[in-house]
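Take the sequences, apply the hints, and build the full model.
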Amino acid sequence: MMQATQLTRRFGGLAAVNAVSLELQLGEVHAVIGTNGAGKSTLINLLSGELPLSSGQVRLDGEDITGWSQPRRARAGVGRSYQRTTIFDSFSVRENCRLSAQAALQQPWHLWQSAQRCTRSLAVADEALHAAGLADDAQRIAGTLSHGQKRQLEIAMCLATRPRVLLLDEPLAGMGAEETGRMLALLQSLKAGHAILLVEHDMDAVFRVADRITVMVNGEVIASDVPQRIREHPEVIVAYLGEAHA
Amino acid sequence: MLAPLSRALPLLVLLALAALPAMLSPYLMDLTVKILVSAIFALSLQLLVGTTGLVSLGHAAFLGIGAYVTVLGSPQGEGASLWWLLPAAVAGAAAYALFVGALSLRTRGVYFIMVTLAFAQMAYFVFHDTKLGGGSDGIYLYVRPTLALGGVQLLDLENKRHVYALVLASLAFTWGLLALLLRSRFGHALQGIRVNEARMRAVGFRTYGYKLAAFVIAGALAGLAGCLLAIQDGVVNPELLSWHESGAVLLMIILGGLGPLRGAVVGALAFTLLKELFASEGLVGPLAAHWQMTLGFTIIAFVALLPRGLVGIRWRKAATP
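Chains A and B, in that order, are what the protein sequence lines are.
Heads up: the first sequence begins at 1 in our numbering, then just goes up one per residue.
Heads up: the second sequence begins at 1 in our numbering, then just goes up one per residue.
In short, the hints are calculated from the structure, not lab data.
Predicted model, so just to flag it, every value in this text is computed and none were measured.
Certain hints may be false.
Claimed, not checked - Here chain B is said to cover these stretches of chain A; the calculated rule only asks that three of the stretch's residues, wherever they fall, bring their Cβ under 8 angstroms from a Cβ of chain B:
| hint | region |
| --- | --- |
| 1 | 73-84 |
| 2 | 104-118 |
To be verified - From the derived model, a few chain A residues whose C-beta atoms are all more than 10 angstroms from chain B:
| hint | residue |
| --- | --- |
| 3 | Arg10 |
| 4 | Leu14 |
| 5 | Pro52 |
| 6 | Gln70 |
| 7 | Leu99 |
| 8 | Ala123 |
| 9 | Asp137 |
| 10 | Arg140 |
| 11 | His147 |
| 12 | Gly148 |
| 13 | Ala160 |
| 14 | Lys191 |
| 15 | Asp204 |
Said to hold, decoys possible - Derived, one-sided and incomplete: chain A residues facing chain B with beta-carbon distance under 8 angstroms:
| hint | residue |
| --- | --- |
| 16 | Asn45 |
| 17 | Ser48 |
| 18 | Leu51 |
| 19 | Phe88 |
| 20 | Ser90 |
| 21 | Phe91 |
| 22 | Thr161 |
| 23 | Glu232 |
The beta carbon of each residue, even a glycine, is placed where N, CA and C say it ideally should be.
So this is what it looks like as structure tokens:
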């Protein structure tokens, strides 16, 4: 569904992402793992359009979207979540999702209609909250949620944009075992209708849900394969997985 | 019980204000009109600062342009028709806001503050240093405009009560428009931009367009305030566009409370009254000559003690159970 070809992003002399190619397919969780500073978050920023490419090409359903802005890509179905939670703290949980859903039907000139009565965006928002397990907390102020719930809201806001491609930046960061289990179940259920890119540090989780794993070191891909072969890949073991996983 | 009351409050205030001229002395009448015009000006900036999170230090430029268009568009011998003069003043301010906004909104934070200030200073010096608007002395509005419909004169703005009615109607219009806007999807998007613009872009909002629309609407409403100010004062000078004015209106909304519409109105009221108080020799004696100092200290004290402004006082009590 989404193809990235030879993506490169330089910051000054440093190539944070260097000639990375990967493909995201419907029904697949494609995990990207690597040490801190390997360029995983930068890769998400390049795919979502938050950062411009130095060189390379991004395609969505075969169409070249390299020159598209981030908002345009988002409206075309590229959703992302953030590693550091970036929700609207002062709004209610439901409004966080409603506003995200509104992006698909903006019509800002409809001044006489109250946003709180925008049934279309509310329906999408409630659906996303339900999927992310936050339906009971819809009326709370987002800033008062627990850390795990904020991570769930982060995903719910992403879902509320009705994306086809999900770019998830460490959705499990700082989550307890139970919350992790719930999130992984959610990812499994989302797989059917989405192409998912998962950047994650939790190796157990990655090997549980990923259909394909790409390993990055210093901005470059050193291996990309199914989980079983990644586990046995000599370079990956040396560079990243270490003795424990070998 | 409380909710319907607070919803009806603006309407009650409007009714009270409509009844006011009958019992006011000419001095108090002038002061009230001044406060109402300031309230329109402050409301226009509230949309930018309190709603969208764009701190502009050049908002007086739009006030001044609205005022200058009003005076320059009035023929010397007879009163111009308000039907086209007022829209012209609003359109003039909006056009400059479109130009300034299109360029300045490419910057952020402190750079945005500096760029808006620079564009306002540019407009200030155009009026200050050229013959266009009478130079540094400004120009007089010899005959105030009139409003007629089908041969019947509705408003003669040489009459103070008619000016009052026009200003009050304009304030009601401004409040109504902004209230409608804030509850709409457009308004919610603006608030989202204030809280987290990066996220707004990530979910698919082209935030630049939204910010530019807010900037132009704010500029247009400031132009409306400028037009009314020119009609009230009968004179305009470049000081209307100066950064002092831009700073004063910013202080009004900070004093009243950033965000809610009533914060702008309460702030305009408090600021104008405090200024009047500290500049009055009868009340503060020789200190009146140093009103900027006393006003400044008072505002510092208010801001330090009331971080949410004057309208935040009740909220804080309500928030603690």
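The hints, checked one at a time:
no., hint, in the structure
1, 73-84, "holds (count 5)"
2, 104-118, "holds (count 13)"
3, Arg10, "22 angstroms, holds"
4, Leu14, "23 angstroms, holds"
5, Pro52, "13 angstroms, holds"
6, Gln70, "5 angstroms, violated"
7, Leu99, "5 angstroms, violated"
8, Ala123, "15 angstroms, holds"
9, Asp137, "19 angstroms, holds"
10, Arg140, "15 angstroms, holds"
11, His147, "18 angstroms, holds"
12, Gly148, "19 angstroms, holds"
13, Ala160, "8 angstroms, violated"
14, Lys191, "22 angstroms, holds"
15, Asp204, "29 angstroms, holds"
16, Asn45, "10 angstroms, violated"
17, Ser48, "7 angstroms, holds"
18, Leu51, "12 angstroms, violated"
19, Phe88, "5 angstroms, holds"
20, Ser90, "6 angstroms, holds"
21, Phe91, "7 angstroms, holds"
22, Thr161, "5 angstroms, holds"
23, Glu232, "37 angstroms, violated"
Against the hints set out earlier in the document, violations occur for numbers 6, 7, 13, 16, 18 and 23.
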